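Q: In the order they appear, the protein sequences are chains E and U.
Start counting the first sequence at 0; every next residue gets the next number (numbering that gives the first Met the number 0).
Start counting the second sequence at 0; every next residue gets the next number (numbering that gives the first Met the number 0).
Quick caveat, the hints were computed from the structure, so don't treat them as lab data.
The structure presented is a predicted model; accordingly, all values stated were derived computationally and were not measured.
Just to be clear, a hint being listed does not mean it is correct.
Each computed DSBU-like pair below joins lysine-lysine, with the alpha-carbon atoms no more than 35 angstroms apart [said to hold, decoys possible]: (1) U:Lys88 / E:Lys109; (2) U:Lys88 / E:Lys115; (3) U:Lys88 / E:Lys102.
FRET-style restraints, in silico, Cβ to Cβ [stated by the list, open to error]: (4) E:Asp64 / U:Leu97: 32 to 42 angstroms; (5) U:Leu96 / E:Gly37: 25 to 35 angstroms; (6) U:Ser255 / E:Trp177: 57 to 67 angstroms; (7) U:Ser255 / E:Arg103: 42 to 52 angstroms; (8) U:Gly182 / E:Val269: 51 to 61 angstroms; (9) U:Trp45 / E:Asn81: 14 to 24 angstroms.
Quick reminder that beta carbons are idealized off the backbone N, C-alpha and C, glycines included.
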Amino acid sequence: MSIVVENISRRFGGFTALDRVSLETKPGEFLALLGPSGSGKTTLLRTIAGLDFADEGHVLFDGQDMTGTPAAERRIGFVFQNYALFRHMTVAENIAFGLTVRKRRDRPAKAAIAAKVAELLELIQLPQLGDRYPAQLSGGQRQRVALARALAIEPRLLLLDEPFGALDAQVRKDLRGWLRRIHDETGLTSIFVTHDQEEALEIADRIVVMRGGVIEQVGTPHEVQSAPATAFVSSFIGETNRLPVMRRDGAAVVGEGLAVLPDEARGHGVGELHIRPHDVELAETGDKDALAVTVLTARPIGRSGRITAQVAGVAEALTFDLPVAVAAAAGDRLGVRPVRYRIF
Amino acid sequence: MSGSNPTTVESPWARRALIGTGFLFLALFLFLPLVMVFVGALAKGWATFATELSDPDALAAIRLTLLVAAISVPVNAVFGVAASWAIAKFDFRGKSLLISLIDLPFSVSPVVSGLIFVLLFGAQGWLGPWLTAHGVRIIFAVPGIVLATVFVTFPFVARELIPLMAEQGRDDEEAARSLGASGWQTFWHVTLPNIRWGLLYGVLLCNARAMGEFGAVSVVSGHIRGLTNTMPLHVEILYNEYDFVGAFAVASLLASLALVTLGVKTVLEWRFGIHRAGAAH
Chain E
0 MSIVVENISR
10 RFGGFTALDR
20 VSLETKPGEF
30 LALLGPSGSG
40 KTTLLRTIAG
50 LDFADEGHVL
60 FDGQDMTGTP
70 AAERRIGFVF
80 QNYALFRHMT
90 VAENIAFGLT
100 VRKRRDRPAK
110 AAIAAKVAEL
120 LELIQLPQLG
130 DRYPAQLSGG
140 QRQRVALARA
150 LAIEPRLLLL
160 DEPFGALDAQ
170 VRKDLRGWLR
180 RIHDETGLTS
190 IFVTHDQEEA
200 LEIADRIVVM
210 RGGVIEQVGT
220 PHEVQSAPAT
230 AFVSSFIGET
240 NRLPVMRRDG
250 AAVVGEGLAV
260 LPDEARGHGV
270 GELHIRPHDV
280 ELAETGDKDA
290 LAVTVLTARP
300 IGRSGRITAQ
310 VAGVAEALTF
320 DLPVAVAAAA
330 GDRLGVRPVR
340 YRIF
Chain U
0 MSGSNPTTVE
10 SPWARRALIG
20 TGFLFLALFL
30 FLPLVMVFVG
40 ALAKGWATFA
50 TELSDPDALA
60 AIRLTLLVAA
70 ISVPVNAVFG
80 VAASWAIAKF
90 DFRGKSLLIS
100 LIDLPFSVSP
110 VVSGLIFVLL
120 FGAQGWLGPW
130 LTAHGVRIIF
140 AVPGIVLATV
150 FVTFPFVARE
160 LIPLMAEQGR
170 DDEEAARSLG
180 ASGWQTFWHV
190 TLPNIRWGLL
200 YGVLLCNARA
210 MGEFGAVSVV
220 SGHIRGLTNT
230 MPLHVEILYN
240 EYDFVGAFAV
250 ASLLASLALV
260 TLGVKTVLEW
270 RFGIHRAGAA
280 H
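Whole structure, please, built from the sequences with the hints as guidance.
A: Laid out in structure tokens, this is it:
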């Protein structure tokens with residue numbers, strides 16, 4: 000199913016959670032809403048689910064206006080960060096819930112529900128645990144049950160709010176890959192909210208980067224990494240060194256003439272230079288297109304050596320990855336040439 | 000390292016003295032009076048005890064007390080669930096005002112609570128003349144007693160449930176809604192099971208107070224024997240008439256109720272680990 004969000008705004012008192020947000024998904028797509036807390040990503044997800052309602056704007060499912068439709072009538076699967084399993088029901092009863100509350104004429108027969116539950120328990124790889132109560136399961140198991148419960152109603156759309164947020168690192172990693180496989184098997188359009196860029200980069204088809212109630216960029220993991228649309232996206236996703244520059248006549252000047260770099264965008268005035276740690280090479284200290292830095296620390300990481308270094312006139316220390324062959328030590332002066340960079 | 004720290008570890012002697020004082024205090028002010036109630040009730044033997052309790056006026060008082068509790072407890076259970084549902088699961092204007100209002104009966108003297116109803120419905124009250132003209136009696140009649148009891152006991156269930164429901168949040172309800180459950184199904188299958196032990200606990204306390212309420216009921220009742228006397232009022236009348244055995248016999252029933260309430264409450268706490276988070280009264 001395809002979802003269209005049109006100019007959605009949502010305010011809570013004086014706080015603007017969403018400010019005229021528009022978004023389109025393709026059928027079968029796996030979309031990540033990524034952003035820091037307060038960016039509006041959860042509000043957007045809840046608005047799509049019908050658990051929250053926008054002050055302005057529209058939500059369309061396959062072209063059909065769902066803006067005022069309550070969650071119960073949207074046929075969506077929603078997975079909560081804290082699982083929200085019904086603690087007084089067994090795992091099997093939890094999974095069957097969405098089917099047992101249906102009106103009599105739409106409700107499958109008891110045997111059909113039991114078969115569906117068994118099938119889903121198989122899918123989440125917990126076939127033996129149908130009779131357990133949620134309190135008897137681990138966090139990862141609970142989240143898998145929550146997913147099975149959401150899938151039981153054969154939703155048109157799967158929405159997940161920080162689905163791995165409450166789990167420890169190793170379980171998160173395992174479940175991530177597993178979730179992606181479930182998505183591929185079911186072919187459901189899925190949207191999940193996360194503040195963990197690694198998670199978004201690893202499993203999403205496209206990433207929606209949000210901040211302060213607006214969408215900063217929508218793109219594939221490759222796009223948001225290699226061609227960040229804004230300074231925020233560039234610094235939020237992956238590691239970035241940021242330096243103030245003056246832009247004039249197609250050149251960006253770092254510090255007071257310390258280094259001059261070509262500025263293809265030909266901006267003017269004060270700008271911010273973003274360089275990823277690995278997008279540099281060693282240069283002579285006197286080179287005009289290189290930064291003269293003083294090494295603060297140096298240690299090998301994998302096949303490169305990571306150095307932190309200081310540039311005169313910039314308060315924050317910079318981080319660069321250089322070949323291990325470069326034997327840098329604290330106090331050394333080096334020339335570092337940015338090979339790829341962006342100016343905002 | 001010497002293991003003892005004089006600021007946090009008392010000497011065994013001091014500990015024993017403190018615990019002993021505590022127990023002595025409890026024995027003197029709680030246990031002894033309770034025992035005296037039963038001793039007084041049985042002072043002239045079981046036969047007299049039984050005679051006193053089967054007195055028509057005593058039976059009428061017991062019946063009225065049960066009737067009042069049977070009305071006010073369900074009313075307050077429904078009200079308490081509705082109010083705490085609204086307060087814990089929704090944000091709306093005037094929410095803190097509603098919370099304060101729920102606490103009002105706890106902060107007002109029961110006598111004043113009774114007087115409010117006399118002022119409203121009494122012969123000289125705001126609605127008194129109209130009620131008299133239509134032949135409706137509220138004050139010095141059963142309706143007034145029920146109203147006063149409902150007023151005095153209405154915080155118990157709500158106070159018990161508000162913190163419980165607030166702690167549980169809205170996720171379970173939202174999950175149920177997203178799975179297609181109606182509002183009523185969500186309440187019945189998800190919300191109610193989540194709060195059942197807290198609700199039972201609140202109902203228990205509400206019932207104990209409904210049966211034991213004296214002040215507010217005393218103001219509106221009129222103390223008509225066999226008609227508007229509840230058990231606590233009947234105890235007072237008998238006592239004032241120097242019928243000590245009769246007074247203690249009825250009082251022993253109320254004391255037994257308290258013991259049963261305490262017992263059930265302890266079992267509930269032990270069995271289900273209910274956290275008391277509401278205001279204790």
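Q: What are the numbers of the hints the structure violates, in ascending order?
A: 9
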